[in-house]
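**Q** Residue numbers (our numbering), protein chains in the order written: chain L, 342 to 734; chain A, 39 to 233.
Honestly, I wouldn't trust all of these hints.
[To be verified] Covered stretches of chain A, going by a simulated chain L footprint (3 or more residues, C-beta under 8 angstroms): (1) 101-109; (2) 178-192; (3) 213-225.
[What the hints assert, rightly or not] A few chain L residues that don't get close to chain A, going by computed Cβ distances all over 10 angstroms: (4) Ser-374; (5) Arg-377; (6) Thr-435; (7) Thr-655.
[To be verified] A few chain A positions that, by computed beta-carbon distances, are all more than 12 angstroms from chain L: (8) Ala-113; (9) Glu-138; (10) Gln-148; (11) Ala-166.
Honestly, the hints are just simulated from the structure, not real lab data. For every residue, glycine included, the Cβ atom is placed at its ideal position computed from N, Cα and C.
Letter by letter, the chains look like this.
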Amino acid sequence: MNSNPASPAAPAPQPALPLLRRQRAVLEFALASLLRHPGKAAVFGAVLTLIVFLLTSLAFLRSSVRLEAAAMLQEAPDLVVQRQVAGRQELVPTAAVVAVGTVPGVQSAQGRLWGYYYDPAAGANYTVAVPLFNPPAEGEAAIGGGISRSRQGYSRDVLALRSYRGEPVLFTVKAVLPDRADLIAADLMLVSEPDFRALFALETDVVNDIVVRLAPGADPDAVRHAVTRVLPGARLITKADLLATADSFLDWRRGLPGVIVLAMALALVIVAADKPTALSVEEQREMGILRALGWSKLDLLVAKAWESLAVSVTAVLVGMLAAYAHVYLGGAALFTPVLRGWAVLTPDLDLVPSFDVPVLATIAVLTLLLPAAGTLIACHGPASGAPDSVIRD
Amino acid sequence: MSNVFTRWDAPRAHAPWPSPGRTGPAIPTRRHFLHGALLAAAAALGAIATVDAALKAGERPKTVTLGDPTGARIALPDAYGGKVLVIHFWASWCPPCLREIDALESLFHQYRERGFAPVSVNVGETKAVAAEFLRTRNVTYPILLDPDSAAAKLYGVTGLPTTFVLDRGGAIAFKILGEINREGLLRILSGTLGT
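Let's have the full structure, built from the sequences with the hints guiding it.
**A** What follows is the structure, encoded as C-alpha cells:
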C-alpha cells in the first residue's frame with residue numbers, strides 16, 4: 342500500500358519490449374483504434390482517395406498525351422512555310438515551292454494540300470489531306486475513326502461529298518484508319534491530289550503550304566532568314582514552335598489542369614489542417630487512459646501517425662488504381678467532355694500508359710505527409726498533458 | 039497536321055513509338071500491363087456492349103415490311119429477289135434527296151427491263167407529307183413510308199440521303215453516304231447491273 346495517499350499510484354514499470362515487437366504492438370493498436378471509429382476513417386479516406394484519384398488521373402492524361410505528341414512530332418518537318426495575306430493564311434503558288442527549294446541549306450521543299458470540309462450530313466468538319474507519300478488512288482479515300490463512326494461508313498462504302506463547284510465527288514472508302522491513330526486522325530480523310538482539287542475546286546498551280554527539310558548541318562536560322570527573303574511576309578513555323586505548342590497542352594501552369602491541381606491541393610491542405618479540430622472527445626479520453634496506463638508521449642504519437650498513414654496509404658493505392666482504370670480503361674471519361682468542347686468528331690482516348698514518376702511521387706508523398714502532420718499536431722497536446730486532465734477535459 | 043502526310047497505309051500506324059529499326063527504349067503497350075485484367079473486363083463489358091447496327095457491304099439486311107401511301111405493304115428486300123435493288127432513304131426537307139429521286143426515276147425508266155428496282159423510303163414523316171410530295175412530282179417507282187424510322191434504324195442510317203445497292207442475291211453491294219447524281223449512280227451500278 343502506498344504510504345503517501347496524496348500521490349497517485351505510479352503504474353508498474355513494464356518490461357522493455359524489443360523495438361520491432363513494440364512497433365508491431367503500436368501498429369496493432371493503431372489499426373484497432375481505426376476500426377473503433379470506422380465512419381470517421383471512411384469519410385477521411387474517401388476524401389483523400391477522391392483527391393488522389395483526380396490528381397493522378399490528370400497526371401496520367403497529361404503524361405500520355407505529351408508522349409503521343411512528342412512521338413508524333415518526331416516526324417514533323419523542320420520548317421513549315423505559310424503565305425499570309427492580311428494575317429490570314431492564303432494559298433501558295435507552286436512557283437514559291439520551287440523558289441524555297443533553291444534556298445541554300447534546304448534539302449527538300451514540298452507543297453502540301455490540306456483543308457477543312459464541312460459535311461452537313463454529319464454536322465462536322467473533316468480534315469482532308471493528300472499524303473506526301475503513297476496517296477490513295479483517285480476515287481478512293483482512307484477515313485478516320487471519327488468520320489467512320491459519325492457516318493457509319495466502312496471499307497467499300499461510298500462517301501459522296503459535294504464539291505465547292507456543287508457537284509458530287511465520290512470516294513470509295515478503302516480503309517478506316519486504325520483506332521490507335523484516333524487521337525490525331527479521328528476527323529482525317531486522306532484522298533488523292535486530283536480528288537482534293539476537285540472537292541475544293543483548287544487550281545493545279547497552288548498548294549496550301551510548304552514543308553521544308555533541312556540539309557544535314559544546315560543552320561536553321563540562316564535558312565529561315567533566306568526563306569523570308571524569298572517569300573516576304575511568309576509565316577515560318579519551326580519544329581521547335583510545334584514542340585512548344587504541344588508541350589503547353591495540359592501544362593500544370595495553364596488552364597484547366599492548373600485549376601484542378603490548385604483546387605485539389607487546397608482540399609488536401611484543408612483536410613490536413615482540419616485534423617486538429619477533428620480530434621473527438623472519445624479519442625482524447627482514449628489518449629489520456631493510455632497515458633495513465635504508461636504509454637509514453639512518443640508511443641501515442643507513433644500510434645496516431647500509423648492510424649493516419651494506414652488511411653493515407655489505402656487512399657493513395659485505391660486512388661491511383663482508380664485513376665489508372667479511369668484514364669486507360671475508361672478513356673478519361675470525366676475529362677473528355679471538357680477536352681472535346683464543341684467538337685463533333687472526337688477521338689476515343691486510347692492512350693498508352695505513361696508514368697511521370699516525380700509527379701506521382703509528389704502526389705503520394707503529399708497525401709501521406711500532410712494528413713500525418715495534421716494528426717501529429719492535433720495529438721501533440723493530449724499526448725503531452727497529464728492523463729487525468731486529458732481524461733477530464 | 040504533320041505526320042498525316044507521311045505514308046498512311048504503312049504498318050507504323052500508331053505513330054508514337056520507335057519502329058523496330060529505330061533505337062530507343064521500347065515503350066510498353068497496354069497489353070503488357072493489363073492483359074489479364076482486360077480479359078476479365080472484356081468478359082464483363084461484353085454483356086452490356088451495344089452492337090453496331092450499321093449494315094456493311096456484303097451483309098444481307100433483315101426483312102422489313104413498309105407501307106406505301108396507298109396502304110399497300112411491301113417486304114424489303116424479299117419482294118425484289120433477283121433484281122438489283124436500290125433502297126434510297128429520303129425526307130421531303132432534304133433537297134439532295136429530292137434530286138436523287140429525279141435521278142432514280144430517270145434510271146428506273148432506262149434500266150427497269152434489266153432488273154433495276156429503286157425504292158425510296160421516306161424517313162420519319164407522315165403519309166400526308168409524302169403524298170403531298172408525290173402529288174407535285176411524277177414518280178413511278180415505289181415510295182415507301184417509314185414514319186417511326188424503324189427501317190432507317192435497321193439499316194443504320196445516320197444521315198440523309200443514304201442509299202443502299204443490293205445485288206441480285208440480296209446482299210449489300212454498296213452503301214452510298216451522301217448525295218449522288220445520275221452519272222455517279224450509274225457508274226456504281228454498272229458492275230451490278232451489267233450495263
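**Q** Give a verdict on every hint.
**A** Here is what the structure says about each hint:
no.	hint	verdict
1	101-109	violated (count 0)
2	178-192	violated (count 0)
3	213-225	holds (count 9)
4	Ser-374	holds, 35 angstroms
5	Arg-377	holds, 35 angstroms
6	Thr-435	holds, 16 angstroms
7	Thr-655	holds, 20 angstroms
8	Ala-113	holds, 24 angstroms
9	Glu-138	violated, 10 angstroms
10	Gln-148	holds, 19 angstroms
11	Ala-166	holds, 26 angstroms
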